[in-house]
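> Keeping their order, the protein sequence lines are chains A and B. Heads up: the first sequence begins at 1 in the numbering used here, then just goes up one per residue. Heads up: the second sequence begins at 1 in the numbering used here, then just goes up one per residue.
Hints in this document: simulated from the structure, not taken from any laboratory. There may be inaccurate statements among the hints.
On the chain A side, residues computed to face chain B include the following (Cβ under 8 Å) [stated by the list, open to error]:
(1) 43
(2) 49
(3) 53
(4) 99
(5) 102
(6) 105
(7) 108
(8) 110
Taking lysine to any residue pairs in the SDA-like style, the calculated list, with each CA pair at most 20 Å apart, reads [to be verified]:
(9) 42/B with 104/B
(10) 42/B with 110/A
(11) 2/B with 9/A
(12) 67/B with 100/A
(13) 42/B with 39/A
(14) 2/B with 37/A
(15) 42/B with 82/B
(16) 2/B with 94/B
(17) 42/B with 52/A
Treat the numbers as computed from the prediction; the structure is a model and nothing was measured. No residue lacks a Cβ here, since even glycine has one placed at the ideal position from N, Cα and C.
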Amino acid sequence: SQTIHQWPATLVQPVGSPLSLECTVEGTSNPNLYWYRQAAGRGLQLLFYSVGIGQISSEVPQNLSASRPQDRQFILSSKKLLLSDSGFYLCAWSTPWINTIYFGEGSWLTVV
Amino acid sequence: QKEVEQDPGPLSVPEGAIVSLNCTYSNSAFQYFMWYRQYSRKGPELLMYTYSSGNKEDGRFTAQVDKSSKYISLFIRDSQPSDSATYLCAMRSGNQFYFGTGTSLTVIP
Numbered sequence: 001s002q003t004i005h006q007w008p009a010t011l012v013q014p015v016g017s018p019l020s021l022e023c024t025v026e027g028t029s030n031p032n033l034y035w036y037r038q039a040a041g042r043g044l045q046l047l048f049y050s051v052g053i054g055q056i057s058s059e060v061p062q063n064l065s066a067s068r069p070q071d072r073q074f075i076l077s078s079k080k081l082l083l084s085d086s087g088f089y090l091c092a093w094s095t096p097w098i099n100t101i102y103f104g105e106g107s108w109l110t111v112v
Numbered sequence: 001q002k003e004v005e006q007d008p009g010p011l012s013v014p015e016g017a018i019v020s021l022n023c024t025y026s027n028s029a030f031q032y033f034m035w036y037r038q039y040s041r042k043g044p045e046l047l048m049y050t051y052s053s054g055n056k057e058d059g060r061f062t063a064q065v066d067k068s069s070k071y072i073s074l075f076i077r078d079s080q081p082s083d084s085a086t087y088l089c090a091m092r093s094g095n096q097f098y099f100g101t102g103t104s105l106t107v108i109p
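Excised from the complex, chain A in its bound form (with noise of 0.2 Å):
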């Protein structure tokens, strides 16, 4: 069966420090990969999406950035975090052939 892992699951980060979340997915092959920031009462909005290998769609304009060295590996990063990124980021895989998006267990962010 399919499982997805994110870490950490919570982290709390000076204004200006850098921020890597990890996410990685278990049986299956070539999954589409995708992050997402959830705030309260807005729902989930999608920052990044990957089809592929080095393959990177962003979304949203902001100071993160993502990466995908491997198949089944995400990265979410910030060079200079702000008190903006605070909030809790979901990292979600799916195939075109499974019609349905599985997250991970998400990433609470504070940034003071």
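Following the hints, position chain B against chain A.
Only chain B this time, still in chain A's reference frame:
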């Protein structure tokens, strides 16, 4: 206009009640419809999905899709305190997924 509209609630019901959660959408290209349950500080978990108009039942949960009205519903029978969570509807078009903002549900013992 958002592509998916969902009443945020909050919705509070007594244990054992029937709960009705609803979403409307505007894009006729949506073909797959999902419901997720999200507990506080956790990732959403898939409850049900369907791709056609009509009803789909799974235990106490029934998903209903009306493509002609662009309206989907999730019914929860015999609601339990453990059903207290936020429920999100979602729809797929190609590689993209579109989500409602979620309805917060509290089931009171």
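> Checking hints one by one. Is residue 49/A an interface residue toward chain B, by the C-beta closer than 8 Å rule?
holds, 7 Å
> Quick one, are residue 42/B and residue 52/A close enough, alpha carbons at most 20 Å?
Violated, at roughly 27 Å.
> Check whether the Cα positions of residue 42/B and residue 104/B lie no farther apart than 20 Å.
holds, 14 Å
> Taking 20 Å as the top limit, are the C-alpha atoms of residue 2/B and residue 94/B close enough?
Since the Cα atoms of residue 2/B and residue 94/B sit roughly 18 Å apart, the hinted pair holds (cutoff 20 Å).
> Classify the hint on residue 53/A as holds or violated, based on whether any CB of chain B lies nearer than 8 Å to its CB.
The hint is violated - residue 53/A has no Cβ within 8 Å of chain B, the shortest such distance being about 16 Å.
> Does the structure keep residue 2/B and residue 9/A at a Cα separation of 20 Å or less?
This hinted pair is violated, its Cα atoms lying about 30 Å apart.
> For the restraint on residue 43/A, tell me whether the closest CB of chain B is nearer than 8 Å.
holds, 4 Å
> Between the alpha carbons of residue 42/B and residue 110/A, is the straight-line distance 20 Å or under?
holds, 16 Å
> Can you verify the interface hint for residue 110/A: is its Cβ closer than 8 Å to any Cβ in chain B?
With a closest approach of 12 Å, the residue 110/A hint is violated.
> Measuring from the C-beta of residue 108/A to each C-beta in chain B, is the shortest one below 8 Å?
For residue 108/A, the interface hint holds, since the closest Cβ of chain B sits about 7 Å away, which is under 8 Å.
> Hint residue 99/A vs chain B: min CB-CB distance below 8 Å?
holds, 4 Å
> Take the C-alpha atoms of residue 2/B and residue 37/A, compute the straight-line distance between them, and say whether it is at most 20 Å.
holds, 17 Å
When each numbered hint is compared with the structure, violations occur for hints 3, 8, 11 and 17.
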